[in-house]
Amino acid sequence: MKKTDIEEWKQSGGLLLDVRSREEYETGHIEESLSVPLSAIKKFQAPLDTPLYVYCATGSRAGLACRILKAKGFRFVKNIGGIREGLV
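Sequential numbering from 1 applies to the sequence shown in full-length UniProt numbering.
Everything labelled a hint here was simulated from the structure, so no lab data went into it.
Ideal placement from N, C-alpha and C gives every residue a C-beta, glycine not left out.
Fair warning: there could be bad hints in the mix.
Label pairs and their computed distance ranges (CB to CB) [said to hold, decoys possible]:
| hint | residue 1 | residue 2 | range |
| --- | --- | --- | --- |
| 1 | D49 | E23 | 30 to 40 Å |
| 2 | K2 | G28 | 17 to 27 Å |
| 3 | R75 | L34 | 12 to 22 Å |
| 4 | P47 | Q11 | 16 to 26 Å |
| 5 | G73 | L34 | 11 to 21 Å |
| 6 | S12 | G73 | 24 to 34 Å |
| 7 | S12 | K72 | 16 to 26 Å |
| 8 | D49 | T27 | 31 to 41 Å |
Make the full structure from the sequences, and use the hints.
Take a look at the structure:
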């Protein structure tokens, strides 16, 4: 996860989605992120032009979530990696 991705998200007015389980989210997350577990991503709703920045623990679940969100019609979806990596 890069600091530049976090800065880009903050400037975009978009949403930061944490797709880890609720339990993982509760153990620590990025401030202002929304908990939307991968198991619930198909039900996620927002305007389709909302920029979405997605992360998980390592980036793999975020990648799958991004594919699902793009298939739902979201125009800007970015996998910013995993929280385990820390900010680089």
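Hint by hint, here is what the structure shows:
{"no.": "1", "hint": "D49 to E23: 30 to 40 Å", "in the structure": "32 Å, holds"}
{"no.": "2", "hint": "K2 to G28: 17 to 27 Å", "in the structure": "19 Å, holds"}
{"no.": "3", "hint": "R75 to L34: 12 to 22 Å", "in the structure": "18 Å, holds"}
{"no.": "4", "hint": "P47 to Q11: 16 to 26 Å", "in the structure": "18 Å, holds"}
{"no.": "5", "hint": "G73 to L34: 11 to 21 Å", "in the structure": "19 Å, holds"}
{"no.": "6", "hint": "S12 to G73: 24 to 34 Å", "in the structure": "18 Å, violated"}
{"no.": "7", "hint": "S12 to K72: 16 to 26 Å", "in the structure": "19 Å, holds"}
{"no.": "8", "hint": "D49 to T27: 31 to 41 Å", "in the structure": "32 Å, holds"}
Of the numbered hints given earlier, the model fails hint 6 alone.
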